[in-house]
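Novice: Please build the complete structure, drawing on both the sequences and the hints.
Quick mapping for you: the protein sequence lines, in order, are chains A and B.
With my numbering as the guide, the letters of the first sequence map in order to residues 1 to 232.
With my numbering as the guide, the letters of the second sequence map in order to residues 1 to 232.
These are calculated hints, taken from the structure and not from any lab test.
Check before you lean on any hint, since a few could be wrong.
It does not matter which identical chain is used: a pair holds within one copy or between any two.
With a Cα cut of at most 20 Å, we get these calculated SDA-like pairs of lysine to any residue [claimed, not checked]: (1) K220 to S201; (2) K150 to T65; (3) K150 to T66; (4) K220 to R44; (5) K150 to L193; (6) K220 to T170; (7) K150 to D68; (8) K34 to E145; (9) K150 to T192; (10) K34 to T191; (11) K150 to G134; (12) K150 to T195; (13) K34 to D47; (14) K220 to G167; (15) K150 to L67; (16) K150 to G69; (17) K220 to F32; (18) K34 to S201; (19) K150 to R172; (20) K34 to V141.
2 protein chains.
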Amino acid sequence: MDDQSDVEVLGRTELFRGAPLDLLAEVQRASFRKRFAAGEAIVRQGDPPATVYVVVVGRLRVTQTTLDGQQVIIRYLGPGEVVGYAALVDGDAHPGSVIAVDDCHLIGWSAAVVRDIMSRHSLIAINVARILGGRYLDMQVRLRELSTEKVERRIAHTILRLVEQAGRRTARGIEIAFPLSRQDLAEMSGTTLHTVSRTLSAWEERGIVDCGRRRVVVAKSQLLESIAEEQA
Amino acid sequence: MDDQSDVEVLGRTELFRGAPLDLLAEVQRASFRKRFAAGEAIVRQGDPPATVYVVVVGRLRVTQTTLDGQQVIIRYLGPGEVVGYAALVDGDAHPGSVIAVDDCHLIGWSAAVVRDIMSRHSLIAINVARILGGRYLDMQVRLRELSTEKVERRIAHTILRLVEQAGRRTARGIEIAFPLSRQDLAEMSGTTLHTVSRTLSAWEERGIVDCGRRRVVVAKSQLLESIAEEQA
DNA sequence: CGGCATCTTTGCGCTGGCGCAATAAACAAA
DNA sequence: TTTGTTTATTGCGCCAGCGCAAAGATGCCG
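Specialist: Below, the structure written as structure tokens:
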């Protein structure tokens, strides 16, 4: 992984998409690379945001934790996505934690550097707006699902979204390409691991999914979609 | 309301905050004023986003509706806030509808004009990023509440947020300064109007709130806060 | 290969809050 | 005032899904 290839990678991230080559080169010179092992924390909830990253390889989980230790998963981040957006919009604390699910390779900058680039290049500031607009939209949809749908539908929607985001074709069907426990699914769907487990067991019986320990493979996505859309 | 005072108003909006006077004047010249009566739709879900507004006076409700007619309230908008953000980040359809709750006075621009200003002035693009970052953050908090808290706490949090956003001191306590039905509260808290009604009745008995038809006054905010924070 | 930690499954009982339905109150129009 | 419309209240029964608990499966690491 040399500097030249980093420039190419940066040009494909949501943050620097569309930037001219000289800007990408400048951005590359100001960057550093960093690796995190599975389970390591990249960002801790409450910390002051000092660094911005983009994901090169690997998968990250963004969570928010309450005082009494309950967690929700805000989203997963994959290649090309931004980690630590709070540093881009002068938040004074990270609203959530980010943990590596896989072994990850990130490229990072100090917050000041990226903020400076944003103010000198409106294109980058516009990219940030687009990124946050997209995440805001995602949350609107999830909020609506959580408010109006029953658990089974919510779990179905959650899995379909993950398939969209990180699905990998296999012999048995489409596999979600990172380790994903029942607890994780519960924290994304607003339910408990017990209910997720029961639901997946029922689906497995019908041949809709094929799961293992921290592994989910969707065999009949058509059926899953119909569960996600059914009324009542 | 002459052009000069419009410039002052614009300088205080979240979208144009910090802009130099000449830019504000340019923005003002490209703008038009528009009024909406209570109940009128400013934006309809699914429409292509062609116009951006900022609120001068009045209150607006942003909702998202499912195919089968169920609604959730995404947020309320008040003076200084942006209406129709999708037009700023090239969404191809408005993700929700916006309805006037009061009689409203807005200032608007065609999407192309504001997008052009964003690309010529990174400050404005950065403001957009900040706005969307703030809304994204709000949604994270609400999603967490909806996932982890029981109804009574959620309703308490919802009311406290509205008080924060649109509270007005009165003799009886702090009043939410726009008409707000039980149904509205239900659509913000992820429950039914029945449960909201029962909960408010119980609180009224304890003297915590004092409500009427589409009206909520918080008499003992301390007690309401303790309900919002209590464990279990 | 065995021991340990983590993750998953499943039975059972309980309850928060939903859904229905009927009444009452507030407001607007005429 | 009457009439109609929208909004709010409240009783009652029910059930989806939570919480507990205990056993079972899987994979890791020494």
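Novice: Measure nothing new, just compare the shortest in-copy and cross-copy C-alpha distances for K34 and T191 to 20 Å and report within, between, both or neither.
Specialist: neither (35 Å within a copy, 44 Å between copies)
Novice: Between K34 and V141, at a C-alpha cutoff of 20 Å, which is it: within one copy, between copies, both, or neither?
Specialist: Answer is neither; intra-copy 33 Å and inter-copy 30 Å both fail.
Novice: One pair to classify: K150 and L67, alpha carbons no more than 20 Å apart. Within, between, both, or neither?
Specialist: Classified as between; 15 Å across copies, 27 Å inside a copy.
Novice: Can you give me the call for K150 and T195, within, between, both or neither, at a CA distance of at most 20 Å?
Specialist: Both: 12 Å inside a copy, 17 Å across copies.
Novice: When Cα atoms must be at most 20 Å apart, do K220 and T170 count as within-copy, between-copy, both, or neither?
Specialist: Result: close within a single copy only, 13 Å intra versus 59 Å inter.
Novice: Is the C-alpha distance from K150 to T66 at most 20 Å within one copy, between copies, in both cases, or in neither?
Specialist: Answer is between: at 14 Å across copies they meet the 20 Å cutoff, but 24 Å inside does not.
Novice: At most 20 Å between C-alpha atoms: does K150 with T65 qualify within a copy, between copies, both, or neither?
Specialist: Answer is between; shortest inter-copy Cα gap is 16 Å, intra-copy 23 Å.
Novice: Reference check for the pair K220 and F32, CA-CA at most 20 Å: within, between, both, or neither?
Specialist: Cα proximity of K220 and F32: none, with 43 Å in one copy and 52 Å across.
Novice: At 20 Å max between alpha carbons, let me know whether K150 reaches D68 within a copy, between copies, both or neither.
Specialist: between (25 Å within a copy, 14 Å between copies)
Novice: With identical chains treated as interchangeable, where does the CA-CA distance between K150 and T192 reach 20 Å or less: within a copy, between copies, both, or neither?
Specialist: Intra 13 Å, inter 14 Å, cutoff 20 Å: intra and inter.
Novice: Have a look at K220 and S201 and pick one of within, between, both or neither, based on CA distance no larger than 20 Å.
Specialist: within (15 Å within a copy, 48 Å between copies)
Novice: With identical chains, the pair K34 and E145 could be close in the same copy or across copies; at 20 Å between alpha carbons, which is it: within, between, both, or neither?
Specialist: This pair counts as neither: shortest intra-copy Cα distance 36 Å, inter-copy 34 Å.
Checked against the numbered hints given earlier, this structure breaks hints 4, 8, 10, 11, 17, 18, 19, 20; the rest are met.
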